[in-house]
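> Sequence:
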Amino acid sequence: MTDSTRGGTPAPREIDITTPHSARIWNYWLGGKDNYQADREAGDEFLAIYPGQRDKARACRHFLSRAIRYLANEAGVRQFLDIGTGLPTANNTHEVAQQEAPESRIVYVDNDPLVLAHARALLTSSPEGVTTYIDADLHDPERILDEATKTLDFDQPIALILLGVLGHVQDYDEARSIVKRLLARLPAGSYLVQCDGDDTSEAYIAALERYRDRSEVPYNVRSQDELAAFYEGLEVVEPGLVPIQLWRPEPNIFGEPPAVAEFGGVGLKR
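One point on numbering: in our numbering, the residue at position 6 of the sequence shown is -1, and numbering is uninterrupted.
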């Protein structure tokens, strides 16, 4: 086996495996196999500056699982629109939602050719539910919503999931506009689940700056107040907008979760 496939997945055609790719690096941090040598090297360089990034990646995944279980079990949501899906790993949105409510309908959205190459892994579903995929750009929320109407019932509550993706929108006003435009067409009773990197860790910011020149889509941290503004007009679910390891933490054998520079929560549209 050559080194380019040592991560576990042959390189899809027309995908550059010599340049680090954010989705593959994230997959590496989560312990996945859909990554290549360039991604592992870039991931290790990032960890050398900000060792907490692996904890952050896992914290995001655990936050997603807890939020989906809350929505399915306590809020009764059965429809999920997950934008910026990334590469499939463990406990994807459809897996968690359909484990709790098999009839759940999930729409994934991404426009990354690498993710498209792995779409088949996402397009699995319980017999009672639906899982589908839209090739669309976060910067075009109207197209996303138009395509989502083919699968989701916009007369019933929908959970909008934006995990770690708004930081890729460089202009803050544009990021807020995207969230507002997406929420505007969702019915009352819908939810926003969102988190992004905040500016509380100097090491995290330094690692992002080091990586910025190597990334086609740089990531931008924001203050916690700026991130909280994405929830304007929504009723924030307890315990509020917090560092994500503190959002409804669950008992585990490892003790208290490590602190990470990631901030978010869940908000209800009335």
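Keep in mind that a hint or two might mislead.
Distance condition first, Cα-Cα at most 20 Å in a straight line; then the derived EDC-like pairs of lysine to aspartate or glutamate [to be verified]:
#, residue 1, residue 2
1, 173, 218
2, 173, 133
3, 173, 148
4, 143, 133
5, 173, 219
6, 262, 67
To be clear, the hints were calculated from the coordinates, so they are not data collected in a lab.
In this text the structure is predicted, and so the values were computed from the model without any measurement.
> For every hint, state whether the structure bears it out.
Results for each hint:
{"no.": "1", "hint": "173 / 218", "result": "holds, 17 Å"}
{"no.": "2", "hint": "173 / 133", "result": "holds, 12 Å"}
{"no.": "3", "hint": "173 / 148", "result": "holds, 18 Å"}
{"no.": "4", "hint": "143 / 133", "result": "holds, 17 Å"}
{"no.": "5", "hint": "173 / 219", "result": "holds, 14 Å"}
{"no.": "6", "hint": "262 / 67", "result": "holds, 16 Å"}
The structure meets every hint from the earlier list without exception.
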